[in-house]
Amino acid sequence: MRLSGSSGLEMVRNRNAQGSNATEIEKKIKRGNALRQSSAWKGSRGPAALLLVAVSLCGAAVWLYVTSYDSEITETLVSHSELVTSKPRVFPVQCSEDYENYKRYPGCTPQKCGRAVTDSVVTREEAQVLRRLAERGLALAGSEGGASILDLHSGALSMGKQFVNIYRYFGDQIGDVFTQEDFELYRDVRGRIQAVIAETFGLEPTLMYLTKPTFFSRINSTAAKTQHDEYWHPHIDKVTYGSFDYTSLLYLSDYGSDFTGGRFIFMDQNGNRTVEPRAGRVSFFSSGTENLHRVERVTWGTRFAITVSFTCDPAYAIADPALPSDTQG
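So in the working numbering, spot 173 of the sequence shown is number 173, and the numbers just go up one at a time.
Hints were generated in silico from the structure; no laboratory data involved. Remember, it's a predicted structure, so these values are computed and weren't measured experimentally. Ideal Cβ placement from N, Cα and C applies to all residues, glycine included. Hints may contain errors.
To be verified - DEER-style ranges, computed between Cβ atoms:
1) Q111 to T299: 38 to 46 angstroms
2) Q180 to E75: 27 to 35 angstroms
3) R187 to T85: 21 to 29 angstroms
To be verified - Calculated pairs, PhoX-like style, for lysine-lysine (alpha carbon to alpha carbon, straight line, at most 25 angstroms):
4) K103 to K212
5) K225 to K161
6) K112 to K87
Hey, can you work out the whole structure from these sequences and the hints?
Written out as structure tokens, the structure is:
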């Protein structure tokens, strides 16, 4: 669906300058997420709750404002052909007031906000290993639509229009799909991502905690079959999940050769800014309203990535995943 005219674009672009518009947009996002959370929990419990972030849903009104501008990119922050290897390329933005509504944790709660990109934390070879891990796991099932997820922490795996627990559903087969080395690499990469976020934002890494949902995603151009497959809606991570303070994405495939579309877009008041995925590239940002974002629809090929999320609140911490002991014999 497309809307004519420029009023929708202007409402998004000027959300900081026009307080009433900003407030209304945030209310709609919150209302949309609350309704979807309620309906998801009523329909199925447990792993199905993960669908909320996997599909990146937000208020329908916000979506209507921006769907006609999917292709409009004002600035490319980092292109696929570039290599950011010496130190992360950092793009500061002013922190929103979101963090004032939660308990503050000195040494972790964002004091300076922004977004950053680095190609020096994970090698392309390591990204290829992790992609093969994701391919093996998702080959067991997968969504009927264009977006599938695999969460090694909770065991949630897309299967048709639902989720199953991969460890329980496939039981002894898991030892044939994953290895101890797979999980060791996953944990090591998570630690490196945590360290670079801490260094970039001036945090104490031991005060940051991995939080849920943290998961692999596989996105292709298959038409969405349910709302679970609609990953392209604009959203704010800390509005959707109050525990989020820092969000990161590790890309496992290349924009332009493995897939087209699928760029990550920050929606700022004066334009859309994108990061083009590259295997091994880590993009990370503070999770508040200062980083409203969305993902372009994938138009060809398959996009693989890992979303790794961090909180400052130890009550929301999760452990690194481990291969079930009964599969290691």
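Do the hints match the structure? See the list:
The given range of 38 to 46 angstroms is respected by Q111 and T299, whose C-beta atoms sit roughly 39 angstroms from each other. The supplied range of 27 to 35 angstroms is broken by Q180 and E75, whose beta-carbon atoms lie about 43 angstroms from each other. In this structure, R187 and T85 meet the distance hint of 21 to 29 angstroms, their C-beta atoms being roughly 24 angstroms apart. Annotation: proposed proximity of K103 to K212 holds, straight-line Cα distance about 19 angstroms (limit 25 angstroms).
Among the hinted pairs, K225 with K161 is consistent with the structure: their alpha-carbon atoms are about 8 angstroms apart, no more than 25 angstroms. Between the alpha carbons of K112 and K87 the distance comes to roughly 18 angstroms, so the proposed pair stays at or under 25 angstroms and holds.
Violation of the numbered hints given earlier is confined to hint 2; every other hint is satisfied by the structure.
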